[in-house]
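> Residue numbers (my numbering), protein chains in the order written: chain C, 31 to 487; chain S, 62 to 141.
Hint data in this document are derived by calculation from the structure and do not stem from the laboratory. Here the structure is a predicted model, which is why all the values come from computation and not from measurement. It cannot be assumed that every hint is accurate.
Claimed, not checked - The calculated BS3-like cross-link candidates involving lysine-lysine, where the alpha carbons are at most 25 Å apart (straight line), are:
1. S/K67 x C/K202
2. C/K252 x S/K67
3. C/K400 x C/K440
4. C/K400 x S/K128
As the list claims (entries may be wrong) - Distance ranges between label pairs, derived from CB positions:
5. S/T89 x C/P295: 47 to 55 Å
6. C/P335 x S/T89: 28 to 36 Å
7. C/T429 x S/D63: 44 to 52 Å
8. S/C103 x C/E382: 43 to 51 Å
We put the beta carbon where it would ideally sit given N, CA and C, even for glycine.
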Amino acid sequence: MFLSEKCMMNCQAILLFHLLALSCLLCGVYGSNLDTDDNDFAEFEDFQDEAFEETAPISPPQAEVKQDFDDMNVAEDDFDDGVTIEVEDWDEFEGSPNKKEEPKITFAQVPHHLRPNWDSFVLELLILAGLVVYFINFFLGRSKNQRITSMWLEVNRTVLDENFSLIGDDGKLDIENPGFIKDAEHLYSLWCSGRVCCEGMLVELKLLKRQDLVSIIQYMLKPKEDTIQMTVKLDDMDSFVMCLAKKKVASVFSKDMTDISTYCPERKSAEKLNVPSNYLLMSEIGEASTALIDQRVVSFLNKYPEVIESIHISDQYSGNKVPEEGAALTRLPSTEKVVIVTLSLCGRNLEESIEASKLVTNLVLHLVDKASRLRLTREAKVKAEKNRQKVEEAFLKNTHALRAEAAAAKREEKRRLEKERILAEEDPEKQRKWEEKEAKKEAKRKAPKMKQMKVRA
Amino acid sequence: MDPRRKEKIHRYKPLSPAGQPAPSEDLTTDYMNVIGMIFSMCGLMMRLKWCAWLAVYFSCISFASSKINDDTKQIMSSFM
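All chains, please: the whole structure from these sequences, using the hints.
In structure tokens:
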């Protein structure tokens with residue numbers, strides 16, 4: 031709640047900022063087009079000068095004015111200012127009768143954009159309208175995603191309450207907000223713990239980016255669905271790796287997942303397990319997959335063939351393959367025992383899909399119990415152990431080869447520098463001595479290594 | 062049988078082993094941020110209105126795709 035409120039506040043702040051920026055922009059546009067002369071009214075000066083009609087010439091009653099001023103002077107004398115005003119040059123006054131030119135009446139050239147004409151702002155209005163639409167979509171999309179999350183939790187609450195002591199961990203010392211953690215507007219995660227056989231279960235809701243209009247347009251061209259991934263970390267299980275997945279997902283997993291690509295790179299049809307034909311099976315130990323894909327799993331898959339994307343059970347899970355960046359891994363990546371079930375929510379019938387997800391949760395817990403209790407036959411165990419040993423040996427060999435290569439490269443570099451140093455020296459004697467020394471070293475290195483054996487007579 | 066065990070409660074910590082980045086890490090926020098900044102610089106330097114407006118749009122997309130943990134200051138600065 032706190033996080034969504036924070037987001038709401040952020041959005042409101044952004045909207046206000048935009049409005050402020052827009053008003054500043056408009057003011058700036060107005061201001062930049064005015065004349066920058068010192069005289070702010072320079073633009074209208076001529077207009078004013080020329081637009082006014084010439085009034086009847088005012089005969090300068092100079093004598094009268096002078097007399098008036100004289101009177102004023104008398105009056106002013108009373109104030110001891112001693113100011114006398116003598117008007118001599120009447121040309122300074124407007125409407126001076128000395129001006130004989132007839133005024134020209136012209137229309138003032140008012141700049142185009144100062145006219146109250148909204149046609150010139152069409153683009154800006156359209157862009158602003160687009161932004162408003164984007165933000166309306168943002169709030170609607172966000173609320174829909176929140177609704178889906180709360181619906182899922184409501185539907186699965188009973189199952190989770192019956193199986194876990196802790197439902198929802200916000201990461202704080204004292205859990206204040208149990209429930210889903212919002213990682214993004216379209217990503218939610220829920221941690222449940224306190225159960226037999228497992229350390230905990232992480233439920234990740236990877237929803238569509240309904241809050242982003244561009245993503246919605248993308249989904250119209252390339253449809254995508256909401257997915258839920260349930261990862262359960264097991265306490266203990268026998269050694270095997272298996273994955274039942276839809277064809278597209280299976281091809282991705284067999285290339286990208288470290289454990290699947292290492293232990294079960296072959297993809298086989300799962301039809302012999304009575305599973306729908308759109309699923310492929312990748313299994314290291316056949317009996318493990320046969321035991322786990324039991325009647326309950328098969329009946330669910332046949333009833334809801336589109337819901338489950340993949341079922342991945344492994345004791346060697348280490349995530350996706352890390353692309354090599356020059357430096358090789360010094361040790362094997364750390365592994366975990368996991369059961370990962372990924373399901374998709376059909377967009378057309380969201381409510382039904384969420385109801386079906388309750389059955390999937392039950393199925394996941396059933397698989398967790400079964401995987402923890404499954405005990406392989408002796409042959410299967412031996413086979414699994416052999417596979418793991420092979421992988422470890424191959425890794426060490428690869429690392430050894432890489433290390434040896436690095437050492438050889440370093441040695442070669444050292445020799446090259448030494449040679450350059452010697453060649454740079456002018457003394458031929460020193461050069462000859464160094465070359466002899468190098469030849470001896472080379473001969474010694476190439477000579478077969480033989481152990482000396484002492485034979486007692 | 063009740064499978065719940067209070068003594069087996071483990072607090073939440075990210076499950077990805079060996080500190081690997083999540084496989085479905087979304088870089089949309091970063092890309093949109095960078096593109097938005099480029100357009101805003103173009104709009105500023107070359108005085109192109111359409112560049113500035115596009116920058117605003119990209120900032121909005123970056124904001125919509127951003128995670129809660131992302132630095133809000135960076136997102137706000139991209140809006141500016």
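> With a cut-off of 25 Å on the C-alpha distance, tell me whether C/K400 and S/K128 pass.
36 Å, violated
> Decide if the proposed pair is consistent with the structure: C/K252 and S/K67, CA atoms, cutoff 25 Å inclusive.
Answer violated: C/K252 to S/K67 is near 45 Å, above 25 Å.
> So the hint says 44 to 52 Å: do the beta-carbon atoms of C/T429 and S/D63 match that?
Cβ of C/T429 to Cβ of S/D63: about 48 Å, so the range 44 to 52 Å holds.
> Quick one: are S/C103 and C/E382 within 43 to 51 Å, going by C-beta?
Because 49 Å falls inside the window, the suggested range holds.
> Given the hint of 28 to 36 Å, check if C/P335 and S/T89 actually sit that far apart at their C-beta atoms.
32 Å, holds
> Using the Cβ atoms, figure out if S/T89 sits within 47 to 55 Å of C/P295.
Given about 32 Å between the Cβ atoms, the range is violated.
> Is the hinted pair S/K67 and C/K202 satisfied, with a Cα-Cα distance of at most 25 Å?
18 Å, holds
> Need the status of pair C/K400, C/K440: alpha-carbon distance at most 25 Å?
53 Å, violated
Hint compliance for this structure: hints 2, 3, 4, 5 are broken, all remaining hints hold.
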